[in-house]
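*Asks:* Here the protein sequences line up with chains A and B, keeping their order. The first sequence: position 45 = 45 (my numbering), numbered continuously. Offset between the second sequence (1-based) and my numbering: plus 137.
Derived by calculation from the structure, the hints in this document are not laboratory data. Note that beta-carbon positions come from the ideal geometry of N, C-alpha and C, so glycine has one too. Hints should not be assumed to be uniformly reliable.
If you want the footprint, here are the derived chain B segments under chain A, 3+ residues with CB under 8 Å [as the list claims (entries may be wrong)]:
id: 1; region: 161 to 170
id: 2; region: 175 to 181
Here are some chain A residues the structure puts well away from chain B; computed CB gaps all over 12 Å [stated by the list, open to error]:
id: 3; residue: Gly-22
id: 4; residue: Leu-23
id: 5; residue: Val-36
id: 6; residue: Leu-37
id: 7; residue: Val-89
id: 8; residue: Gly-106
id: 9; residue: Phe-110
id: 10; residue: Trp-118
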Amino acid sequence: MDMAYREKSLWLVGLSLILVFGLYFWWVLPAPTADVLPNQVGLFVGAVILLVALQVVGHGLIAVLDRRTETDERDRLIGLIGERNGSFVLAVGVFLSLCAAVFTQGNFLFTHVLLAFWVLASLVSIGTSLWLYRRGA
Amino acid sequence: MGKGRIDNDIRTLRFHAGEMTQQELADRVGVTRQTINTIEGNKYSPSLEVAFRIARVFDVPIDRVFTYNEEG
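Let the hints inform the model, and build the full structure from the sequences given.
*Replies:* Below is the structure:
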């Protein structure tokens, strides 16, 4: 498939987000607690480190294999449209997490609703951009 | 205001410029090859700056490269 550097980068970021936070939520959500526990914080820190490592290594590989890492005005425009769509999802997530903070005890639900919507917003942003690249915007 | 359509003659101009490839044009304009491809296919309208840079590569006026059709 003919893809520019930015498009490959988006696939990498999207897939690594799904993998890392998919695993995180798979481990944490089946046993919800009132408050976030220290081992859950540890899992989260581990997830962030894994995410950064995957993306650094992945971007390095893309750059080595592709050797063309330039971006242009079309990449920026597509990125802006993606970010706009993602920001709507994030706004909904902030509102729902505030509701969770007000109406439930402890901080577990609040933090995880916020985290889940941050991941979802990122995926919507990336998905929008990838769709625009494929459509040929 | 009705929606118009911007057409272009880049493919022909590339052919007459020694069968210049999309990558060569992209490198000279400072955009990606995929962007040149979407411009050629009338799927993306470039900024004025990029449009002028494309015209400058072929050494022709900008209206030789791009035409605006009111009907769409």
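*Asks:* Please settle this one: Val-89 (chain A) was flagged as non-interface, so is its CB more than 12 Å from every CB on chain B?
*Replies:* holds, 26 Å
*Asks:* Checking a non-interface call: every C-beta of chain B should be farther than 12 Å from the C-beta of Leu-23 (chain A). Is that right?
*Replies:* holds, 33 Å
*Asks:* Minimum Cβ separation between Val-36 (chain A) and chain B greater than 12 Å?
*Replies:* holds, 43 Å
*Asks:* With a Cβ-Cβ cutoff of 8 Å, does the region 161 to 170 of chain B contain at least three residues near chain A?
*Replies:* Satisfied; 4 residues make the cut.
*Asks:* Is the Cβ of Gly-106 (chain A) more than 12 Å away from each Cβ in chain B?
*Replies:* holds, 48 Å
*Asks:* Holds or violated: is the Cβ of Trp-118 (chain A) farther than 12 Å from all Cβ atoms of chain B?
*Replies:* With a cut-off of 12 Å, Trp-118 (chain A) remains clear of chain B, as the shortest Cβ separation is near 29 Å.
*Asks:* Hey, does Phe-110 (chain A) actually stay past 12 Å from chain B on C-beta?
*Replies:* holds, 42 Å
*Asks:* When you look at the beta carbon of Gly-22 (chain A), is every beta carbon of chain B farther off than 12 Å?
*Replies:* Check passes; 30 Å lies beyond 12 Å.
*Asks:* Would Leu-37 (chain A) pass as off the interface with chain B, using Cβ distances and a cut of 12 Å?
*Replies:* holds, 47 Å
*Asks:* Take the region 175 to 181 of chain B, compare each residue's beta carbon with every beta carbon of chain A, and decide whether three or more fall closer than 8 Å.
*Replies:* Our answer is that it holds, as 4 residues pass the Cβ test (under 8 Å) against chain A, meeting three.
Consistency note: the structure conflicts with none of the earlier hints.
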